[in-house]
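For the record, the sequence lines run as chains Y and R.
Read the first sequence against the working numbering and you will find it ends at 299, with the numbers running on by one and no gaps.
Read the second sequence against the working numbering and you will find it ends at 299, with the numbers running on by one and no gaps.
Keep in mind the hints are simulated off the structure, nothing from the lab.
Ideal Cβ positions, reconstructed from N, Cα and C, are used throughout, including at glycine.
Please note: incorrect hints may appear among the correct ones.
[Said to hold, decoys possible] One-sided and incomplete, this derived list gives chain R residues near chain Y with beta-carbon spacing under 8 Å:
{"id": "1", "residue": "VAL51"}
{"id": "2", "residue": "ALA189"}
{"id": "3", "residue": "LYS199"}
{"id": "4", "residue": "GLU226"}
{"id": "5", "residue": "ILE229"}
{"id": "6", "residue": "SER232"}
{"id": "7", "residue": "PRO235"}
{"id": "8", "residue": "GLY236"}
[What the hints assert, rightly or not] As a list, the in silico DSSO-like pairs of lysine-lysine whose alpha-carbon atoms are at most 30 Å apart:
{"id": "9", "chain 1": "R", "residue 1": "LYS206", "chain 2": "Y", "residue 2": "LYS206"}
{"id": "10", "chain 1": "R", "residue 1": "LYS161", "chain 2": "R", "residue 2": "LYS134"}
{"id": "11", "chain 1": "R", "residue 1": "LYS206", "chain 2": "Y", "residue 2": "LYS297"}
{"id": "12", "chain 1": "R", "residue 1": "LYS206", "chain 2": "Y", "residue 2": "LYS244"}
Protein chains: 2
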Amino acid sequence: MNIGFIGLGIMGAPMAGHLAAAGHRIATVTHRTAPPAALVESGLVVCGSPREVAEQADVVVLMLPDTPDVEKVLFAAGGVAEGLAAGTTVIDMSSIDPIATRNFARRIAEVGCDYVDAPVSGGEIGAKNAALTIMCGAEAPVFERVLPLLQLMGKNITHVGGIGDGQVAKVANQIIVALNIEAVAEALVFAAKAGADPAKVREALLGGFASSRILEVHAERMITRSFQPGFRIGLHQKDLNLALSSARALGLSLPNTAIAQQMFSTCVAHGGADLDHSAMVRAIELMSDCKLG
Amino acid sequence: MNIGFIGLGIMGAPMAGHLAAAGHRIATVTHRTAPPAALVESGLVVCGSPREVAEQADVVVLMLPDTPDVEKVLFAAGGVAEGLAAGTTVIDMSSIDPIATRNFARRIAEVGCDYVDAPVSGGEIGAKNAALTIMCGAEAPVFERVLPLLQLMGKNITHVGGIGDGQVAKVANQIIVALNIEAVAEALVFAAKAGADPAKVREALLGGFASSRILEVHAERMITRSFQPGFRIGLHQKDLNLALSSARALGLSLPNTAIAQQMFSTCVAHGGADLDHSAMVRAIELMSDCKLG
């Protein structure tokens, strides 16, 4: 299959690599940095514009940083929309605004093409191991058609619902992850300030109703001060911005998400934008003048 | 062994039952309600005061609602402290204030006795099945001595640290459980308001970094509107009060715990004090005029 893949960053490059390894022909667009050597060796085609990428593709995959990037690549002059032949499918695997996503899908439908939103979680390691969790929004027949491609990149693939619902699930995921980190941070700082050993408290709580992946992984990071990312605070802050701006547009109140966002801002103020998101505990520590480790 | 057991409520009665079934002789104090028939049949001794209970006990176990109840039973006129022979051990399995606990332990030490705080989680079902999680604060030799008794009532038993540290762990547990419920509630109401199916979003998130016991159990309750307790909002609110008053005493800021407490107050305002704590989602729904189910 001819696949256009735009966004060969830390995650996009290994994802495109899995598609190439399965025998698909990958085209991409020129960029200020050189394309990854492994992809070039597998026959990567480099085009002059997103339009040219779309012109030779059966499927166009996007893996871009944020909503404005996706909008520009799709709809600016020389963008994907200008090059799409009717029947081509656009799969946006970026994590972007669910409401904007539905708007983009409508505009892509106007040129006779299908749209799938398929944001991922699992980070660089998940991308390299083709083990990403993929949350899909698409009409059912379109989902069935793209599923074999998604299975080359991920393992836990859910068809959440119609267009945009993949992005909704991703935002929900980022809300829960941030708030579970915040929860563990409050609990462990409480424990330390009250004179107990946070590591023993964590151990006592594992297996009960307080148990979570965050208590397993991120609480351990807080206690051992292992703040190399992982997932960077700056990126999670972008995701919470998305949650809060969507919530505002929808007329929805997310009080603890708003607090968590402010905690991340405290971390950024202290130079922590590139630390793992488990370093949110530093904001609670600062507020209470108490350190876990 | 002669065991004094004060507080034969919903949880205390089956816990004392397990001790009696293992051959221990149980004494308790008269109460406005009749003692459980099963315990009476096993030879329950009913005394006129906590002092009399203590006088004939090798170990005194307390399972009471709140800090003032424990203080009164231990130290009021006719209380446990008046009846203790040196070398008796007091095990408080109530969930109460960690700071008060350390004070109670000091006063018990003055009459030559040991003190263990051993609050539990697992609710009525855990109590009946002798499957409680028990978080222990005690000096190491005292913990070793009481462990065989605790093993008759619970399964996941952790020696968290010195006196009071069991209560600290229990408060930490209740903070995380409340905040993980709040997290799931914000995420699912966001999903519903954004037009996705909350059940499908939950399914997409299970297995990833957002996964938790709360996402498994309580998110399911929110979606299916199964708000029969479980664990009542009124009780969890008491536990968060404990967290927030301890935090204030310690000079500690717990912003999301404070918000969760207010959410519970919203639920109580709408008649929900006796609903399961997963009904906290109703507060988020009310704020955003959106219902999951």
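Each hint, compared with the structure:
At its closest, the beta carbon of VAL51/R sits 33 Å from a beta carbon of chain Y; the interface hint therefore is violated under the 8 Å criterion. Because the smallest distance between the Cβ of ALA189/R and any Cβ of chain Y comes to about 3 Å, under 8 Å, the interface hint for this residue holds. A distance limit of 8 Å between C-beta atoms decides the matter here; for LYS199/R the minimum to chain Y is near 5 Å, and the interface restraint holds. Interface hint at GLU226/R: violated, since its Cβ lies 13 Å from the closest Cβ of chain Y, which is beyond the 8 Å cut-off.
Taken as an interface hint, ILE229/R does not check out: its beta carbon lies about 13 Å from the nearest beta carbon of chain Y, beyond 8 Å. About 16 Å separates the beta-carbon of SER232/R from the nearest beta-carbon of chain Y, more than 8 Å, and the hint is not met. Hint status for PRO235/R relative to chain Y: violated, with the closest Cβ pair at about 13 Å, above 8 Å. Interface hint status for GLY236/R: violated, as the beta-carbon distance to the closest one in chain Y is roughly 10 Å, over 8 Å.
For the given pair, LYS206/R sits about 36 Å from LYS206/Y by alpha-carbon distance, which is inconsistent with the 30 Å threshold. A hinted pair counts as satisfied when its Cα atoms are at most 30 Å apart, and LYS161/R with LYS134/R qualifies at roughly 12 Å. With a C-alpha separation of about 39 Å, the suggested pair LYS206/R and LYS297/Y falls outside the 30 Å cut-off, and the hint is violated. Of the pairs offered as hints, the one joining LYS206/R and LYS244/Y holds, with about 24 Å between alpha carbons and a cut-off of 30 Å not exceeded.
This entry does not satisfy hints 1, 4, 5, 6, 7, 8, 9, 11, going by the numbered hints stated previously.
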